[in-house]
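The primary structure of each chain is shown beneath.
Protein chains: 4
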Amino acid sequence: MQVFEKVESEVRSYCRSWPTVFTTASGSRLKDESGKSYIDFFAGAGSLNYGHNHPVIKQALLDYLAEDNIIHGLDKFTVAKRDFLETFDEIILTPRQLDYKVMFPGPAGNNAVEAALKLARKYTGRETVISFTNGFHGMTLGALAVTGNSMKRGGAGVPLNNVATMPFDNYMDGQMPDFLWLRSLLEDSGSGLDQPAAVIVETVQGEGGINVASDEWLRGLQEVCREYGMLLIVDDIQMGCGRTGPFFSFERAGIQPDIVTISKSLSGLGMPFALTMMKRELDVWEPGEHNGTFRGFNPAFVTATAALEHFWRTDELANSVHQTGEWLDGQLKELITEHASLNMSTRGQGLARGLVFENPEHASKVCSEVFQRGLLMESAGAEDEVVKFLPPLTTSDAEFKEGIGILADAVEAVGRNS
Amino acid sequence: MQVFEKVESEVRSYCRSWPTVFTTASGSRLKDESGKSYIDFFAGAGSLNYGHNHPVIKQALLDYLAEDNIIHGLDKFTVAKRDFLETFDEIILTPRQLDYKVMFPGPAGNNAVEAALKLARKYTGRETVISFTNGFHGMTLGALAVTGNSMKRGGAGVPLNNVATMPFDNYMDGQMPDFLWLRSLLEDSGSGLDQPAAVIVETVQGEGGINVASDEWLRGLQEVCREYGMLLIVDDIQMGCGRTGPFFSFERAGIQPDIVTISKSLSGLGMPFALTMMKRELDVWEPGEHNGTFRGFNPAFVTATAALEHFWRTDELANSVHQTGEWLDGQLKELITEHASLNMSTRGQGLARGLVFENPEHASKVCSEVFQRGLLMESAGAEDEVVKFLPPLTTSDAEFKEGIGILADAVEAVGRNS
Amino acid sequence: MQVFEKVESEVRSYCRSWPTVFTTASGSRLKDESGKSYIDFFAGAGSLNYGHNHPVIKQALLDYLAEDNIIHGLDKFTVAKRDFLETFDEIILTPRQLDYKVMFPGPAGNNAVEAALKLARKYTGRETVISFTNGFHGMTLGALAVTGNSMKRGGAGVPLNNVATMPFDNYMDGQMPDFLWLRSLLEDSGSGLDQPAAVIVETVQGEGGINVASDEWLRGLQEVCREYGMLLIVDDIQMGCGRTGPFFSFERAGIQPDIVTISKSLSGLGMPFALTMMKRELDVWEPGEHNGTFRGFNPAFVTATAALEHFWRTDELANSVHQTGEWLDGQLKELITEHASLNMSTRGQGLARGLVFENPEHASKVCSEVFQRGLLMESAGAEDEVVKFLPPLTTSDAEFKEGIGILADAVEAVGRNS
Amino acid sequence: MQVFEKVESEVRSYCRSWPTVFTTASGSRLKDESGKSYIDFFAGAGSLNYGHNHPVIKQALLDYLAEDNIIHGLDKFTVAKRDFLETFDEIILTPRQLDYKVMFPGPAGNNAVEAALKLARKYTGRETVISFTNGFHGMTLGALAVTGNSMKRGGAGVPLNNVATMPFDNYMDGQMPDFLWLRSLLEDSGSGLDQPAAVIVETVQGEGGINVASDEWLRGLQEVCREYGMLLIVDDIQMGCGRTGPFFSFERAGIQPDIVTISKSLSGLGMPFALTMMKRELDVWEPGEHNGTFRGFNPAFVTATAALEHFWRTDELANSVHQTGEWLDGQLKELITEHASLNMSTRGQGLARGLVFENPEHASKVCSEVFQRGLLMESAGAEDEVVKFLPPLTTSDAEFKEGIGILADAVEAVGRNS
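Protein chains in written order, with this note's numbering: chain P, 13 to 430; chain H, 13 to 430; chain X, 13 to 430; chain C, 13 to 430.
Note that these hints are calculated values from the structure, not bench results. Hints may be right or wrong, so weigh each one.
Just so you know, same-sequence chains aren't split out, so a pair can sit in one copy or run between any two.
[To be verified] Derived pair list, reagent style DSBU-like, types lysine-lysine, alpha-carbon separation capped at 35 Å:
#, residue 1, residue 2
1, Lys70, Lys18
2, Lys43, Lys291
3, Lys291, Lys345
4, Lys291, Lys18
5, Lys43, Lys70
6, Lys70, Lys48
7, Lys413, Lys345
Given the sequences, and given the hints that come with them, work out the whole structure.
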């Protein structure tokens, strides 16, 4: 591993928790160079909802690459892009009655967020954006300004401005009525809050610690937005593509955001790909006013199309995620009961689940213990107090059971030593 | 093309100049659905320096995909990443005596720029960054602040701050000594310029209109930077990977930037990939202080490694780019002489060349005429007054001649009608 | 009045409510050109706590001006400044055990606020300042950023940044525990609130609508500040100099702010004068790092010294303000009961009192009616829903009774017509 | 002087160069407690153009104070304000055909600048303001952002933004054509300069080192402003009221700024007073959108009116300033010739003159030497390399000769010891 130490910047991170060199991966399993196998309950931070190297999606890619089909297309019209747009419209937008237009803002989630924020400010002519405690939206300056994590904000080196932070659902344990603070500020012309362009929210905060916004809260938020002419941006980069069950995580609440960002699992195979969607009337962009070199990575169009065809023509996956999520919740509750002295709790939606430790150190130790036993999990939350479940949605029952077994052993071990 | 109109945002741009649906591409040629073939002198805005679907690079990708090798790896250690780092160190860094460390800032050039700016501000504890007239560095808020184009800046919807603009080389036609203004501001404690963290510069401004900084100017800039404790960031996203001859465009000037960004042609196949390099002592990042979901797209490591192996073990490509560039310059000068009434001029470096029209409309018309004749070229510059050459470096003599022939016809046609 | 219309900017304001030309003033009474007399319950927005042309203070000024004593002194040492500093130290600081140093930041309250904010940011090396809903601190860009009023903020023409707004005491009618929101943000490293340099607060918000912070709330705020290394700035510009009873309005709460601003009634005669006070250890200014042409207006030193000598050697004034305030509160409560249909309420501290109308139009009408009857009062609050009492502290019982009588008639008239 | 050390902040500045306690002042002379007399060539940094305690102006003040005339009036209509407006209109505006409206932005010059910048941004809807190298406009955040001095900027503790700095006249010793850089940026849509709201300029930079803009340069600047829809703000706070000869310093260039700020000597007696003037059509303020407690300090209206009546009904003062300025220039040139080894030079306009030392230490020493000999002068310029002359315009020939004699001795002494 010498070359990593010599050449790769100290900014590297996950490799510090998982100090081994990985080689291959399939479905919910990875292997390292020594041949050791790991169950993957992390799934590329939610980028591999269909597992590693899903055979159907992979085959679509191989077929595309077998011919000299276009790989890099900027925003030229291509066959692969047309197929993707038609499929996305037919399978995703139309059945959900979402009259959205789609832009390709660049390959990464932060590009999608930056485009969303720019559009909201341009459309409304306002500058302030409302973000929420523990929100996570990316590392570029615009996206970082709406991100809560202080260590990451500190990396900016300049003040991050034109943003106001509001409490996420249940942030203060019900000690304040929902939106009381936000509404007070908006209604009061002496509040110091300049009229906001938009609100940006995750329905379930992943990096923030698997904090779930209730359906009522999300509907309430949409209502406040409409009342005060703020656009509602749902950042569905981590929770979209079925992570919580339905394709979009906001479907459960029956809301229609004005702008939606999506990325991570969109390509189906872990390839860089992101979309910003906006209600038709919001599409006020000048041609080229936002662009990006890799906004037309055609292999991602191809695999994304294959993933939509394979997984989203029916409700099967959404239902399965829902059921498995409930089962997982039950398993975690048993574990919590068994180890009452660790004061754990659980929360989540679909297959985004968190095991929350009263003592953040326990969460880190559990992640370390499961790694040694062949399971990849990461912590989340401001204090890294949450062991996060983002398994591939396609994980088999056997793999789930094996993973839970490893986790139980690890919790046992941590409990024993604390 | 109905689906594009219905579903794709108005922000789409290149497809407006090239209203056809492309299907396949190989080397320096693309085909559209009707079977019409186009010579490509645009090369994905410089992302396809080795042409479309280069067989050696492509084969490396296919080999990698044939097994269940890891595709999405975040910043886990992987075999593909190790191979890339070793190869990059051996073929690129070591022979050039560049004691750089490398970070993977995300898949796009703007990620590389954002990371560079953040690092420079963090390292120096200063906030202002010097950018240059007509610079182009990307569309995320941090990168956009150092980008000159007013239409693109306008898309931000908030003031773009913590930046001061300086004249690029020859910006005022030699009417002011180089760096006189910058030096005056830096030396004068009453100038209003707060001590800058860094300077960000392209050695040849591509989007800005193929403006070439002279070797002397670049050396002078490095000297000013060292004198005043400002970091020198070379954004080599478009001009790196051999576009101007050597792997890094700054080699010709004999300078060693403190931070270098690279992307576009780095993957060799048009796949999303970007690097930020920094002098070893600048690597003061906290683990995870900058991150990004697609910072470990392993297939790009594989194709980038193959491209380095194939093209950069020897000086052959660099030399060929130099020679072809000279030849191209000669051809353009002939064309200019033949059509003196159009008042054209040419400038450039290696295979980044511009044909500059006194009347910007002529440039647009030429681009339109060559498209109809089967050649893809785009305009650049603040007024779109420059017809830009960014052909694959691997374009054959025959293709070059054919392309130049088409261009000559187009110029002839535009001259006739003006 | 033609010249006003012709030459004075539309920004003029109070003269629109009181369309007459005033000539002389003494104690709590003004006269206009027609000879009509007005009782003044406004007192220059709190700048005339000792009434107009107080004879003792005035005499000190006349004595000073009778000789060629220095008028404009910048920050030269002068006799008048020395006298002021000695008197201020002896009568104000020492007895209250306030180990403050004093700076002369310029003649206006906003200069005092700007200096306070600059010092807090410089001392802590942090950028964010916490302000409160409906706070009012002045119209210069730094002071405006911590001011709540949206109309006034809109005048800035640029985003007002580096500030976070928190709820003032009782802002949400007790629906949220005090400081829960602020503490949550400070404790949570994922909250998005960057570590604040300081908190700036008024103990009673005057322009904001006579909103009184309780002693407990102020002590709680000081506690939060100490816990998180934030400086506590009390802006006592309007509420200082005895307006609420004691010289400093924060004395009642037993707190010791880190920085205090004071102005308005400080000169005792309505002359431009302001101070910024800081705990001794916070005095980290470089010589001249903040300055201002009129920071040494010596006649104001003289009148301020006279006012301190005359009014603050004993507790008499403070006690009288307290008693009169209680009496006034009783009078207002009677009025409220008599006119129950108008749904009024009252709040305040000392001689800063508000009569709050459910319907803001009623407040405006009352101000208009009292003017016609010879009484000057102004409305305050975000919706101008509060009729504000800021009478000279020296107003006689007879004048108070006459004023209250006029007010009662006006309320009666408004009630009759609504 | 103990109380100063104990109670006054370290920010105090002039008293460090002049460590004595001053008592009285008349005309061009001050006295300290020991009875020592000083000639004043500093005049309150230009606030005492008519000398200390001018008897006519002083008498007007005493007459006003003799009755209970209104002192503090906010923006109520008062007799004193009406008299001032009528006189200012009659004596200043009308004869110069300046169709301006006037606002009272607060008592200090920085209030006038803040109001000017706010109005320019509000009127144009643009955010960037052009300032000039070594400009000085005040210490509040908005004014500080357009001020060049790095030490003073550093006091802000936050980035100072929405400003672009341009070279003042002759900043680069004629090595660049006037406005070439500014025009290039404005004309080039790729320059990175967002369309500016306004330009703010001093015709002679006082604090910046007595840098004189030529008439041609000022006219050129007005032309650029008109061409690009930028408002021209002349900050005449230090150079107005006859300092350079005419009442407004810009009169010599025949320009008509869109907005003018004036303060310092406006009251005639060193009392806090400031005006912002704007072309009639720019008066788009909402009532109360900018305000300030001390915007209606009536004694300053009275003394300002007296000063206008006494000094500005004829051209006498302007002519005298011109002649004395020429004479002073001659004297300084003689001094320069006599002490060639010190490499001095001189520059200025009217009675704003600078003696520039190649070695900044010499300038400081000269100021120190003249103080000991009974003359007050201060240094200016980014390196404090300029000994600045801002004598009362009413200084007698005898006093001028005495002062110049002292200066000559001091220069002699410094030359001897260097």
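Hint by hint, here is what the structure shows:
In this homomeric assembly, lysine 70 and lysine 18 come within 35 Å of each other (Cα to Cα) both inside a single copy, at 34 Å, and across copies, at 29 Å. With identical chains, the CA atoms of lysine 43 and lysine 291 are at most 35 Å apart between copies only, with a shortest distance of 34 Å across copies and 43 Å within one. Proximity of lysine 291 and lysine 345 under a CA criterion of 35 Å is satisfied in neither setting, with 40 Å inside one chain copy and 50 Å between copies. For the identical chains of this complex, lysine 291 and lysine 18 are inter-copy neighbours only, at 12 Å across copies versus 48 Å inside a copy, given an alpha-carbon limit of 35 Å.
With identical chains, the CA atoms of lysine 43 and lysine 70 are at most 35 Å apart both within one copy (18 Å) and between copies (25 Å). For a Cα distance limit of 35 Å, the shortest separation of lysine 70 from lysine 48 qualifies both inside one copy, at 24 Å, and across copies, at 30 Å. Only within a single protomer do lysine 413 and lysine 345 lie at most 35 Å apart by alpha-carbon distance; the minimum there is 15 Å, versus 71 Å between protomers.
The earlier numbered hint that this structure contradicts is number 3, and it is the only one.
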